[in-house]
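Visitor: Letter by letter, the chains look like this.
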Amino acid sequence: MRRKQIVRELKVAWAIATKDMKIYYLKTPSLMFGILFPFAMFLSFVVGRDMPISRAIPVLVAQTVFFAASSIGPVSIPIERRLQTFDRFLSAPVSLLTVLLGKTIAGFVYGVGISFIPVAIGLAIFGSQITDLVALTMGMGLSAFGFAAMGIMFASLPGQGPGQVLMPLNFVRIPLLFISGVYVAVKDLPSWGQVASAASPLTHTIELIRLGLGGENFFGPAINMAVLTFYLIAFLIAGMRFHIINQKRD
Amino acid sequence: MNNIIMTEGLTKHYGSLVAVNHISMQVKEGEIFGFLGPNGAGKTTTIRMLVGLTTPSEGTATIKGYDIQEELLNVKRCVGVVPETSNLYNELTVGENLRFMAGMYHVPKNERANRITSLLKTFGLTERSGAKFGGLSKGLKRRATIAAALVHRPEILFLDEPTSGLDVMSTRSLRQFLRDLRKTGVTVFFTTHYIEEADQLCNRIAIIVKGRVIAVDTPENLKAIVQGTFVVEVVFTSPVESINLEELETYGKVEVKHNTLWIRVSDVSKSLKALTSFADDHGLEVVSMNTVKPSLEDAFVHLTGVESEVMLMEKERRGGGA
Chain A
1 MRRKQIVREL KVAWAIATKD MKIYYLKTPS LMFGILFPFA MFLSFVVGRD
51 MPISRAIPVL VAQTVFFAAS SIGPVSIPIE RRLQTFDRFL SAPVSLLTVL
101 LGKTIAGFVY GVGISFIPVA IGLAIFGSQI TDLVALTMGM GLSAFGFAAM
151 GIMFASLPGQ GPGQVLMPLN FVRIPLLFIS GVYVAVKDLP SWGQVASAAS
201 PLTHTIELIR LGLGGENFFG PAINMAVLTF YLIAFLIAGM RFHIINQKRD
Chain B
1001 MNNIIMTEGL TKHYGSLVAV NHISMQVKEG EIFGFLGPNG AGKTTTIRML
1051 VGLTTPSEGT ATIKGYDIQE ELLNVKRCVG VVPETSNLYN ELTVGENLRF
1101 MAGMYHVPKN ERANRITSLL KTFGLTERSG AKFGGLSKGL KRRATIAAAL
1151 VHRPEILFLD EPTSGLDVMS TRSLRQFLRD LRKTGVTVFF TTHYIEEADQ
1201 LCNRIAIIVK GRVIAVDTPE NLKAIVQGTF VVEVVFTSPV ESINLEELET
1251 YGKVEVKHNT LWIRVSDVSK SLKALTSFAD DHGLEVVSMN TVKPSLEDAF
1301 VHLTGVESEV MLMEKERRGG GA
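Residue numbers (the working numbering), protein chains in the order written: chain A, 1 to 250; chain B, 1001 to 1322.
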């Protein structure tokens, strides 16, 4: 009975995810903040610097998975709140967890899909090689899930437009780029920077992706995966709590 | 008939504002129940509490025996909700929206296609099945939203201002649909600010003002509250606005507009005599004279002190609609 119920809820979560894919993947804010923004930031940091392509590709993959996955929730939820379509979920016999899981899956697929592009370009054009498939898969998959959940958590901020959520989210996303070993390797950071980078989920994303594409790893893959799993669960729980608080406030 | 919805002291506070104030009422299975009141009376908040969109501050309510706070998932399974705003997905087609809602309500896969085809037919949307919801007219959007609320065959349908902002034809067909729906055994609970709509459709009406339900009864019984009061309408050949009406006011409340005069009286024959002598005294010629029975509007005004025209004006100013 319990199993049947779980399967039913998962089917609803998938239905919500596919609906979001259809509606929100090509919305302007998703394209702007999910694709253009990380690519533009990447180019502005890489062009003119003496960064080998083998180091640049993991940076681009990590950045795209980070920005793309975390953008879908903050685009879809405020729009749905404004158009009152979010009420459809709340008046249907499904749990809030199922709704948020569906929205997280939509972010996850977007993050993995977009970040696969630089991986494919690296492999096809620049001679990148996958040296650790598990690390690469976990680096992209676990991170995409975690960052999608982070986006859902931010989407609980009151506001009826994507801009009202994406702006505060960027205040967190952009500083994370500088403490997470994206442009400066963790081993080259000062000691306080290394402590900060250990606490950043993005550090562990880039670490796993680098390892997967033949680069070096500072903390070790087991720690990377543990930290990413911790953040995934923490973001999901916090997102749930914040959305429940919002609902009670209504 | 059993009570399918029961509320006991249902209350909602927003800070110091009491939006819904200790509502206790019962809705019988299979009836059309109207919630009639001016803008801001607490109609929408009551529906939102009953369907789990907002949490009550105090009190309890059950739907089909399920507590709205303790057994919310069971409540949601047996109700359909049509909000004031037609809230399907603009980017999806009508058919896609209905399929999505069928999935949300766990409608068995092998039944979905038949149910959707039948709903599209019932609401005259078969031809529009492939059209994007966002491109439909207000009336069609409203129909599609109601169809989506019925896809899981709910036993109770909640509608918030279902005809607000619709043209005459759409309004008429929607009202007819609600009458037909009742014949299938579905309980309909709807809010409205249109008094004549409540009068035409409802088996029973609750009148709500400032968060409080001040009367719940059949339209006939509500009208009986003002029984014994008649409105005599007299049309003269010339305007009567400038004439002193004091002598008529001893018979009842008088209203005039151009060359028409209305007087609310309890004794029609006495007032007719007085009106005839009033016309003679002022050299007026009577074109027509009618006696009108008290309406639900008279009962509403009597009970609430809110003129119905004021309700409509408020609503129009707010720009209600789909």
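Don't read these hints as lab results, they were simulated from the structure. Glycine included, every Cβ here is placed at the ideal spot set by N, Cα and C. Among the hints, erroneous ones may be present.
[Said to hold, decoys possible] Below 25 Å or equal to it, Euclidean Cα-Cα: the simulated SDA-like pairs (lysine to any residue) are:
no., chain 1, residue 1, chain 2, residue 2
1, B, Lys-1028, B, Ala-1224
2, B, Lys-1121, B, Gly-1095
3, B, Lys-1064, A, Leu-96
4, B, Lys-1138, B, Lys-1109
5, B, Lys-1210, B, His-1013
6, A, Lys-4, B, Lys-1121
7, B, Lys-1109, A, Gln-5
8, B, Lys-1293, B, Gly-1283
9, B, Lys-1109, A, Ser-95
10, B, Lys-1257, B, Val-1216
11, A, Lys-27, B, Thr-1093
12, B, Lys-1132, A, Gln-5
13, B, Lys-1132, A, Thr-18
14, A, Lys-27, A, Met-167
15, B, Lys-1138, A, Met-167
16, B, Lys-1109, A, Thr-18
17, B, Lys-1210, A, Ile-121
18, B, Lys-1109, A, Pro-29
19, A, Lys-11, B, Val-1231
20, A, Lys-27, A, Gln-164
[Unchecked claim] The calculated label-pair distances, taken between Cβ atoms and stated as ranges, are:
no., chain 1, residue 1, chain 2, residue 2, range
21, A, Ala-199, B, Leu-1073, 48 to 54 Å
22, A, Ala-234, B, Arg-1175, 50 to 56 Å
23, B, Ser-1238, A, Arg-82, 30 to 36 Å
24, B, Ser-1016, A, Ala-226, 47 to 53 Å
25, B, Thr-1060, A, Phe-230, 39 to 45 Å
26, A, Leu-10, B, Glu-1008, 51 to 57 Å
27, B, Glu-1029, A, Met-32, 48 to 54 Å
28, B, Glu-1091, A, Gly-113, 15 to 21 Å
29, A, Ala-226, B, Glu-1029, 26 to 32 Å
30, A, Ala-199, B, Glu-1029, 44 to 50 Å
Visitor: Does Lys-1132 (chain B) pair with Gln-5 (chain A) here, judged by a C-alpha cut-off of 25 Å?
Guide: violated, 32 Å
Visitor: Does the Cβ pair Glu-1029 (chain B), Met-32 (chain A) satisfy 48 to 54 Å?
Guide: Because 52 Å falls inside the window, the suggested range holds.
Visitor: Do the alpha carbons of Lys-1121 (chain B) and Gly-1095 (chain B) lie within 25 Å of each other, as the hint requires?
Guide: holds, 12 Å
Visitor: Is the straight-line distance between the alpha-carbon of Lys-1109 (chain B) and that of Thr-18 (chain A) 25 Å or less?
Guide: Given pair Lys-1109 (chain B), Thr-18 (chain A) holds - Cα atoms ~17 Å apart, limit 25 Å.
Visitor: Need the status of pair Lys-1109 (chain B), Ser-95 (chain A): alpha-carbon distance at most 25 Å?
Guide: Roughly 20 Å separates the two Cα atoms, so the pair holds.
Visitor: Taking only the CA atoms, is the gap from Lys-1064 (chain B) to Leu-96 (chain A) under or equal to 25 Å?
Guide: Since the Cα atoms of Lys-1064 (chain B) and Leu-96 (chain A) sit roughly 23 Å apart, the hinted pair holds (cutoff 25 Å).
Visitor: With the threshold set at 25 Å, check whether the alpha-carbon distance from Lys-1138 (chain B) to Lys-1109 (chain B) stays at or below it.
Guide: Violated - the C-alpha atoms of Lys-1109 (chain B) and Lys-1138 (chain B) are around 30 Å apart, more than 25 Å.
Visitor: Starting from Lys-1210 (chain B), check that the Cα of Ile-121 (chain A) is at most 25 Å away, please.
Guide: Measuring from Cα to Cα gives roughly 64 Å; hence the hint is violated.
Visitor: Does the beta carbon distance between Leu-10 (chain A) and Glu-1008 (chain B) stay inside 51 to 57 Å, or does it fall outside?
Guide: violated, 37 Å
Visitor: Mind checking the alpha carbons of Lys-27 (chain A) and Gln-164 (chain A) for me, to see if they're no more than 25 Å apart?
Guide: The hint holds at about 16 Å.
Visitor: Are Lys-1138 (chain B) and Met-167 (chain A) close enough, with their CA atoms no more than 25 Å apart?
Guide: Measuring from Cα to Cα gives roughly 34 Å; hence the hint is violated.
Visitor: For a C-alpha distance cap of 25 Å, please report whether Lys-4 (chain A) and Lys-1121 (chain B) respect it.
Guide: violated, 33 Å
In this structure, the earlier hints numbered 4, 6, 8, 10, 12, 15, 17, 18, 19, 21, 23, 26, 29 and 30 are contradicted, and the remaining ones agree with it.
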